[in-house]
Every structure is written in C-alpha cells, then in structure tokens.
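Asks: If you want the building blocks of each chain, they are given just below.
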Amino acid sequence: MDISKAPNPRKLQLCRTYFMTGFALLPFVWAINVCWFCEEAFRKPPYPEQAQIKRYVIYSAIGTLVWTIALISWIIIFQTNRAAWGATADYMSFIIPLGSA
Amino acid sequence: MAPQKKAAAIWLLLFLQSTATVFSERTRDKMYEPILGASCFRRLNGTHQTGCSSTYSGSVGVLHLVNVDADLEFLLNSPPSPPYAPLIRPHLFTRANLLRLKEAGPKIISVVLLINRTDKMKQFSHELNCPNQYSGLKLNRSMSETATCDASGNVANTWNRWGTGLLHEDFPFPIYYIGEDKDIFKLEDCFEKFNNFNYESHALRSLCAVEVKAFMSAAVNSEVCIRRTNFINNLGGSRYCDPMEGRNVYATLYPRNASENVEVNVAGSEKFIIVSCRLDTTSMFDGLGMGAMGSLVGLAILTQVAHMLRLLLPSPGALSDRQRNVLFVVFDGESYDYIGSQRFVYDMEHLAFPSPSTHTAPISLENIEFILDIGALDDVANIKLHTLTSTPLANQLLQQLNRYAKSPRYNFTVNIESNVGYHIPPTSAQSFLRYDPKLPVLILNSVPSNRYYHSIYDDLENVEFTYANASKDYTTLADIGDTANIFNSSALQMGVRNVSSIVAMTLYEILSGKQYQGSLVANPLLADEFFYCFLQSSDCPLFKAASSPNSPAGPQQPPMRYISVQGGSQESSGWTYRMLGYLLSHPQPAVSKENCTQLPLFFFAGLNGTGECRLTTQNYTHALSPAFLIDNYDWRSGDYSTWTESTWSLLSARIFLRPSNVHEITTLSIGIVVFIISFCLIYIISSRWEVLFEDVPASNAA
Numbered sequence: 001m002d003i004s005k006a007p008n009p010r011k012l013q014l015c016r017t018y019f020m021t022g023f024a025l026l027p028f029v030w031a032i033n034v035c036w037f038c039e040e041a042f043r044k045p046p047y048p049e050q051a052q053i054k055r056y057v058i059y060s061a062i063g064t065l066v067w068t069i070a071l072i073s074w075i076i077i078f079q080t081n082r083a084a085w086g087a088t089a090d091y092m093s094f095i096i097p098l099g100s101a
Numbered sequence: 001m002a003p004q005k006k007a008a009a010i011w012l013l014l015f016l017q018s019t020a021t022v023f024s025e026r027t028r029d030k031m032y033e034p035i036l037g038a039s040c041f042r043r044l045n046g047t048h049q050t051g052c053s054s055t056y057s058g059s060v061g062v063l064h065l066v067n068v069d070a071d072l073e074f075l076l077n078s079p080p081s082p083p084y085a086p087l088i089r090p091h092l093f094t095r096a097n098l099l100r101l102k103e104a105g106p107k108i109i110s111v112v113l114l115i116n117r118t119d120k121m122k123q124f125s126h127e128l129n130c131p132n133q134y135s136g137l138k139l140n141r142s143m144s145e146t147a148t149c150d151a152s153g154n155v156a157n158t159w160n161r162w163g164t165g166l167l168h169e170d171f172p173f174p175i176y177y178i179g180e181d182k183d184i185f186k187l188e189d190c191f192e193k194f195n196n197f198n199y200e201s202h203a204l205r206s207l208c209a210v211e212v213k214a215f216m217s218a219a220v221n222s223e224v225c226i227r228r229t230n231f232i233n234n235l236g237g238s239r240y241c242d243p244m245e246g247r248n249v250y251a252t253l254y255p256r257n258a259s260e261n262v263e264v265n266v267a268g269s270e271k272f273i274i275v276s277c278r279l280d281t282t283s284m285f286d287g288l289g290m291g292a293m294g295s296l297v298g299l300a301i302l303t304q305v306a307h308m309l310r311l312l313l314p315s316p317g318a319l320s321d322r323q324r325n326v327l328f329v330v331f332d333g334e335s336y337d338y339i340g341s342q343r344f345v346y347d348m349e350h351l352a353f354p355s356p357s358t359h360t361a362p363i364s365l366e367n368i369e370f371i372l373d374i375g376a377l378d379d380v381a382n383i384k385l386h387t388l389t390s391t392p393l394a395n396q397l398l399q400q401l402n403r404y405a406k407s408p409r410y411n412f413t414v415n416i417e418s419n420v421g422y423h424i425p426p427t428s429a430q431s432f433l434r435y436d437p438k439l440p441v442l443i444l445n446s447v448p449s450n451r452y453y454h455s456i457y458d459d460l461e462n463v464e465f466t467y468a469n470a471s472k473d474y475t476t477l478a479d480i481g482d483t484a485n486i487f488n489s490s491a492l493q494m495g496v497r498n499v500s501s502i503v504a505m506t507l508y509e510i511l512s513g514k515q516y517q518g519s520l521v522a523n524p525l526l527a528d529e530f531f532y533c534f535l536q537s538s539d540c541p542l543f544k545a546a547s548s549p550n551s552p553a554g555p556q557q558p559p560m561r562y563i564s565v566q567g568g569s570q571e572s573s574g575w576t577y578r579m580l581g582y583l584l585s586h587p588q589p590a591v592s593k594e595n596c597t598q599l600p601l602f603f604f605a606g607l608n609g610t611g612e613c614r615l616t617t618q619n620y621t622h623a624l625s626p627a628f629l630i631d632n633y634d635w636r637s638g639d640y641s642t643w644t645e646s647t648w649s650l651l652s653a654r655i656f657l658r659p660s661n662v663h664e665i666t667t668l669s670i671g672i673v674v675f676i677i678s679f680c681l682i683y684i685i686s687s688r689w690e691v692l693f694e695d696v697p698a699s700n701a702a
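Listed in order, the protein sequences are those of chains D and C.
Under UniProt numbering, the residues of the first sequence are numbered 1 to 101, in order.
Under UniProt numbering, the residues of the second sequence are numbered 1 to 702, in order.
A portion of the hints provided could be inaccurate.
25 angstroms max Cα-Cα, derived SDA-like pairs, lysine to any residue [to be verified]: (1) C:LYS107 <-> D:LYS44; (2) C:LYS182 <-> C:ARG117; (3) C:LYS107 <-> D:GLY99; (4) C:LYS213 <-> C:LEU650; (5) C:LYS213 <-> D:LYS5; (6) C:LYS102 <-> D:ARG55; (7) C:LYS514 <-> C:GLY481; (8) C:LYS102 <-> C:PRO80; (9) C:LYS138 <-> C:ASP459; (10) C:LYS102 <-> D:LYS44; (11) C:LYS182 <-> C:THR27; (12) C:LYS271 <-> C:GLY153; (13) C:LYS102 <-> D:LEU98; (14) C:LYS384 <-> C:GLY317; (15) C:LYS213 <-> C:GLU366; (16) D:LYS5 <-> D:THR21; (17) C:LYS213 <-> D:ALA101; (18) C:LYS213 <-> D:ILE96; (19) C:LYS271 <-> C:GLY317; (20) C:LYS193 <-> C:GLU664; (21) C:LYS102 <-> D:GLY99; (22) C:LYS122 <-> C:LEU65; (23) C:LYS120 <-> C:GLY153; (24) C:LYS102 <-> D:THR21; (25) C:LYS213 <-> D:THR21; (26) C:LYS122 <-> C:GLY153; (27) C:LYS213 <-> D:LYS44; (28) C:LYS186 <-> C:GLU369; (29) C:LYS120 <-> C:ASP459; (30) C:LYS186 <-> C:LEU351; (31) C:LYS107 <-> D:THR21; (32) C:LYS438 <-> C:SER490; (33) C:LYS271 <-> C:ASP242; (34) D:LYS44 <-> D:ARG55; (35) C:LYS107 <-> D:SER93; (36) C:LYS107 <-> D:PRO97; (37) C:LYS102 <-> C:LYS138; (38) C:LYS514 <-> C:LYS182; (39) C:LYS213 <-> D:LEU98.
Worth flagging that the hints you see were computed from the coordinates, not collected in a lab.
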C-alpha cells in the first residue's frame, strides 16, 4: 500500500491501529509503525492529523527501544548462564545444542 | 543473432556445464582418500561424560608419525603448523602421553590416530585399576568406592594392575584406531611424502592432513542427555543418548513346571544352585574387542559345565533332592557397573524373575542354595575360590573341588586355593553381595594376569588359541586320554576342559550325593568349537547346530560382545541363547517337526544338520539398569548403573592435502575480488545494453 496516496484521516487511523496492535506483545509492529510513518510525522508539511501521528510514532519508537533493550539483555543473560542453569534452562529452550552442556 | 548460432551457443553451454559436474566429483575423489578404522565414542554415566568427540563438521589435523617420545615433545612444545594429528603406536598410547595431549588442547592436537603396530607393545588395557570401582560391594552405604579393591594403594594389589583408566577419561579430540596395514601404509606414505621434511616451512606449504568425523550428540552426563531426549519441547524427536541395554541369558538344568497363577506363587520349595558368568566385554573403539581372556574363558567354562551336568544327570530322578535344580545365568553389561546382574537381583527382589510370560513361579533370593560365579580365569591352572567369610559350605566346596583337581586319575593339574575376605574380584557376584553380604556367594577367579583387559588386543592371540577343527562329535563327553593326540596339555581347550570338569564333577557330587567315579570328562572339542565361533567366525559348526536347520549361516566375523544399546546387534546374547539352549536341551524323538514350533520345544539343526526336536529351558531377561525404571531416580546416588551411550550420525576418517594458511587466504581474497569485479561488470553491461543489442527497439526493452 502506498501511504502517500491515502487521505490524512486514513493515515492517522492506520498509525493508531498499528500502535494499538503493538501492545499485544508485538514490538515488531511498533518498529514497522516507526519506519512507515516517520516521513509522514516529521518530514511532510504540517496538516491537522500530523501532531497525533507524530505522537504515535514517538511512542512506538520508545516501545521498540524498550523491547530491544529488554530482549538483548535477556538473550545475553540466558546465553551466558544457560549451561549453569541446567534443567531450568533446558525447559525454557526449544532448540538445545548438540554435544555440549 | 541467427537461430543456429544461438542453438550452438546453448549446446556449448550445456556441454561445458555437464563436463564441469563430472570434473567436480572427480576432484572430490582426488582430494580425499578414505581411511578405514574404528572410532572412540562418548559414553556417559550419572556424573560424567567419557570418551571422545570430534567437532561438528569433523576435526582436521596434520599427520605426524610418533615413533619415539621425542616426536611427541616436538609436537607439544614447538608445533610449526598446528593443529596436528599424531599417529601413535600402542606402546606409546600411555596414560601419561594421552593426558599431555589432552592438556595441550584441540588447538595443538585435534585428532589422535592409533595405528596397529604392536611390535613393542607389552600391555594395553584402558580399564581402571579397579574395574567397576563405584558399584561393587561396600562396607556401608556412605562409601562411594567398593571395599573390594583399593585404587589409591599399591597398584599390584588391584584387579587390573595394567589398567590406564583411559576408558573413563573425556577427550576433547577424536581417537581413531587404524587396524589394516593397507591404511597404515597410506598414512605413513602421505606423511613421508608431504610432511616429513623441512619443518620450518610447514606453515607455508600444503601438508598431508586427516579429517575425522565422530561428532557426539550427548553431553555432560546421563541425567542431562536422558532429560533432553525425553523432553516435551524436543519437537524434532532427536535422541541425545540411549541407555546401555542387552539381554541376560539363563537356562535351567531341568525344565520347571508351568504354574497357572504365577502372581501369588513363589517357587516355594524349589532350590536353585546358580552358576553364573558374564557375557559382555568392552573396548575403547566401536565394534572392536573380543574379551577373549577377560570374559570369554568364563563363558566357555560355564557352557561346558552346563553341558557336562546335563549329560551326567539326564533327569531329576538321579538327584538326592528332587526339588533341586541348577540355574545357569550369563549376565550382559557387566563391564558397565554390572548392568545385567544388578537388574537380575532387582528382578528377584521384586519377584519379577522369571518374567510372567514364562508361566513359571517367580524365583526369590530365598530359593537360592548358593551362587557359584565364574570370574576372569586368566590362568586356568591357578584358581582361587573367593568368599566373604569362611563358611562350612565354602570349605566343603573347596575340599570337593580340590579332590577332583588333585586326583591322579584325571591328572588335571589345577591348583585351587581359598581366599576369604574383602579382596573380591570385580565379577557379577558383587551385585548379589552388595544387596546382601550374607548371601552364599562363591567366586572362582584366578590371580589377574591379563595385560590386555577390556582392550582391542584381548583376542585369540592373547589366549593363544588355535582351532583344531577335528570335525568330530563334540556333543558327547570325552574319555580322559581321548583327545591327547589333538591338543597338547597346555592348550587353552585342555585348560577349559580341566576347570569345567572339576566344577561339573563337584556340582554332580552336591546334586546326586555321590562322588563322581566315571572316567568321562568335559570334551575339549566343544571348547575348540566354542572358541572358534566366538573368536573367529560366527559361521561355525556349533552355531549352525544350535540354529534352525534352514536358517542362514552366521557372518564370517565373530559376534560383537559389547552390550550396546536398544536396537544394537545383540548377536552374542542371541548365539549364547541358542547354544546354551541346544546343549542343555533334551531330545524329543517322538515329536515331529510340525509339532515342534512352540517354545519350550525347538527344532534345532543338530550336529549333522538334519534337524531334531528338543525340549529347551533357556530364556532371556532384560539387562537394562533399574536406574532407568525407577521414577525420579537420583542419578548421583550410585545405587545402580547409569551408563548411556551418545548417539552420532557418522564415524569416518579421510586424508587430504591441507593447503597452508597463506594459500587459503589468497584463494579467498581472489574469490572476493572476482565477485566484486563481476558485479561491476554486470552493472556496466546492463547500463550500456544498447551497445550489445542495438537492433532491439527501446520501447520493448523497458
């Protein structure tokens, strides 16, 4: 879908839908929202709905950032402690490496 | 372009492509030369992993022939182009050397190749000084080690003084055994031609290297790999390890009565004398190791004792007490913390032996009159009768054994002495004593003199066996002097005959209440056939006689006697089952072949292959450690054997010329440069397409 051809209220509605969907533990939707509406929010000449779109984009960006930090730190913690956690770590995993602890 | 030219261009392209694929296969075949051998693999117990594993894609090392210790020093101290793969001879394959290689790490030593050059070898055993150190008889439950062997004391007093214990070490590199001369020549030749000169330039030139693939899936210990295998998230269903399991074989001297309600009836007044030995052996390398002296001699003696008693006491009518019977049991998996005997005792304790499917009453430990365990008889002329305490039974048995052993009439020249106390050999009997030290257990074992215990070299040369192939009837008893012209008195067959006869005569005296007066002794021809089958070829007269008449001949190799896992060959228990069944069975001439299909009736090929119906008594019991049956078993408790074997997808080795680092980097850089240039070229061509295709109208090209 080419967003530049959509009317402004439709853009706002789309942006809000994406922002709301992100709350269903879907940080990638927030990330997509940021990429997709970044230009609309900050580059385009002002129009009435732009302030709200801008707000949603900024909130989505913050959400994405928080998720990224949380995921990266969890992955680091898990990967460095997996062997030490023993059975607990195995129960958390779907793929267990072959031939090592 | 004219259509003919286009077609020609396409043909040329196709032709080039097809030749290119043919060439690529040839290149691979030219690059690699396969090496046949046997690999070391990973086994795990409740606390450790042992054995070897390669890296996931295969470990590669530069060949280096180690002839003397100095060659090893050179590799460890100043390796010019690591990692290396030392080619080691058995006499240098010592604990000290291997631990140094392990310490150097896989960056310096990535593969170890053991070559079959035995000229300087004096001993080769990788079992512990105290085999089954943690599963034998203990003084009290808090001890972790057995009281029957002191591993920290004088090595000469242990049960395997030549043992290096390498079987219980974990190596970070694969160890590959190369047995065939052809393959050893290939390796030596490649080493001489490409590696063994100008060591300063090793880092700069192509070197002959070996790649060994022996990647093991399991890790850490049995608890972890069993948990991962049974894991609910294990969607792929991949197995990490399998418990070691096999089959114990047992047979009774007389058939037991079938009983209807077997759940409630314990075999009340039945009394059993158990004669036992072990079935299995092990070694460091997959599929090798015959355990000739370590365990096969014991099995040969048990077989002959069973056969002789069957012929001397054909029916229970000859017994002083008709409730008596002899139970012959051959335990599997004894090399790995007594798997078979632990399970047997566990089954007896839970009244699960024999299994309900046999429709016979369960036998409990109270039904046992005594247990005579045949251990390792390294020296068949000097035997000790081990007991925990001095009992009237032990004294009487020793006296009876010695009466026949020393009798001038038979001239057996066997010396049997008593040994009372905790210095008990690592045999199946320890499982019984561990359950209850008061059980009447007697063990026949000689002073250990096997320098190749649990190794690939415990073979027919170790027991000095030569097949006489007399082609005579081996199913009858022989007169004392009958076979003197076939075997000399020091032959293995005669040694086995002597011990078997003494034991059988003693058991005859106990069972019948009369001294044995006959002149017939066990037949050394049976021992001859037995050893031929188990050491040289399964396609042999004894195994043929013990199969059904039309069954296919056994393979030309001897049966593998390592316990293995579920789905393993289990051929040794199969052959032992049929052989014991045949030798202990009673002919049923009245039964026709058509009616002889249901056990206990079995139609054997027999001595001359014509077929005969016989009433058999043999059966299997499951040799799987109780640790795998008990819910929430504590793997670290040490109560039962916890051995598992890792799974693997491939064991292979091949040699090739490994290019130097400089060469590899150059090749990669050229590749990258060509890649970039090709991109630029395509870009230029596509932006200047009008030059090439000037006759195509511009509107069509868009």
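Asks: Each hint needs a verdict: does it hold in this structure or not?
Replies: Going through the hints against the structure:
1. C:LYS107 <-> D:LYS44: Since the Cα atoms of LYS107 (chain C) and LYS44 (chain D) sit roughly 59 angstroms apart, the hinted pair is violated (cutoff 25 angstroms).
2. C:LYS182 <-> C:ARG117: Answer holds: LYS182 (chain C) to ARG117 (chain C) is near 12 angstroms, not above 25 angstroms.
3. C:LYS107 <-> D:GLY99: 18 angstroms, holds
4. C:LYS213 <-> C:LEU650: The given pair, whose Cα atoms are some 6 angstroms apart, holds under the 25 angstroms limit.
5. C:LYS213 <-> D:LYS5: 60 angstroms, violated
6. C:LYS102 <-> D:ARG55: 62 angstroms, violated
7. C:LYS514 <-> C:GLY481: 24 angstroms, holds
8. C:LYS102 <-> C:PRO80: Given that 25 angstroms is the threshold and the Cα spacing comes to 19 angstroms, the pair holds.
9. C:LYS138 <-> C:ASP459: 33 angstroms, violated
10. C:LYS102 <-> D:LYS44: Not OK: LYS102 (chain C) and LYS44 (chain D) at ~67 angstroms, beyond 25 angstroms, violated.
11. C:LYS182 <-> C:THR27: Satisfied, since the Cα-Cα distance of roughly 23 angstroms is no more than 25 angstroms.
12. C:LYS271 <-> C:GLY153: Violated, at roughly 41 angstroms.
13. C:LYS102 <-> D:LEU98: 21 angstroms, holds
14. C:LYS384 <-> C:GLY317: 33 angstroms, violated
15. C:LYS213 <-> C:GLU366: At roughly 52 angstroms apart (the allowed maximum being 25 angstroms), GLU366 (chain C) and LYS213 (chain C) break the hint.
16. D:LYS5 <-> D:THR21: Roughly 23 angstroms separates the two Cα atoms, so the pair holds.
17. C:LYS213 <-> D:ALA101: 20 angstroms, holds
18. C:LYS213 <-> D:ILE96: 21 angstroms, holds
19. C:LYS271 <-> C:GLY317: 15 angstroms, holds
20. C:LYS193 <-> C:GLU664: 21 angstroms, holds
21. C:LYS102 <-> D:GLY99: Between LYS102 (chain C) and GLY99 (chain D) the Cα gap is close to 18 angstroms, so the pair holds against 25 angstroms.
22. C:LYS122 <-> C:LEU65: 20 angstroms, holds
23. C:LYS120 <-> C:GLY153: 29 angstroms, violated
24. C:LYS102 <-> D:THR21: 56 angstroms, violated
25. C:LYS213 <-> D:THR21: 49 angstroms, violated
26. C:LYS122 <-> C:GLY153: Holds. LYS122 (chain C) to GLY153 (chain C) sits at ~23 angstroms (cutoff 25 angstroms).
27. C:LYS213 <-> D:LYS44: 61 angstroms, violated
28. C:LYS186 <-> C:GLU369: At roughly 59 angstroms apart (the allowed maximum being 25 angstroms), GLU369 (chain C) and LYS186 (chain C) break the hint.
29. C:LYS120 <-> C:ASP459: Holds, at roughly 17 angstroms.
30. C:LYS186 <-> C:LEU351: Cα-Cα ~58 angstroms, so violated.
31. C:LYS107 <-> D:THR21: Given pair LYS107 (chain C), THR21 (chain D) is violated - Cα atoms ~51 angstroms apart, limit 25 angstroms.
32. C:LYS438 <-> C:SER490: Violated, at roughly 38 angstroms.
33. C:LYS271 <-> C:ASP242: With a Cα-Cα distance of about 37 angstroms, the restraint between LYS271 (chain C) and ASP242 (chain C) is violated, given a limit of 25 angstroms.
34. D:LYS44 <-> D:ARG55: 15 angstroms, holds
35. C:LYS107 <-> D:SER93: 30 angstroms, violated
36. C:LYS107 <-> D:PRO97: 22 angstroms, holds
37. C:LYS102 <-> C:LYS138: Violated, at roughly 33 angstroms.
38. C:LYS514 <-> C:LYS182: 60 angstroms, violated
39. C:LYS213 <-> D:LEU98: 15 angstroms, holds
Checked against the numbered hints listed earlier, the structure breaks hints 1, 5, 6, 9, 10, 12, 14, 15, 23, 24, 25, 27, 28, 30, 31, 32, 33, 35, 37, 38; every other hint is satisfied.
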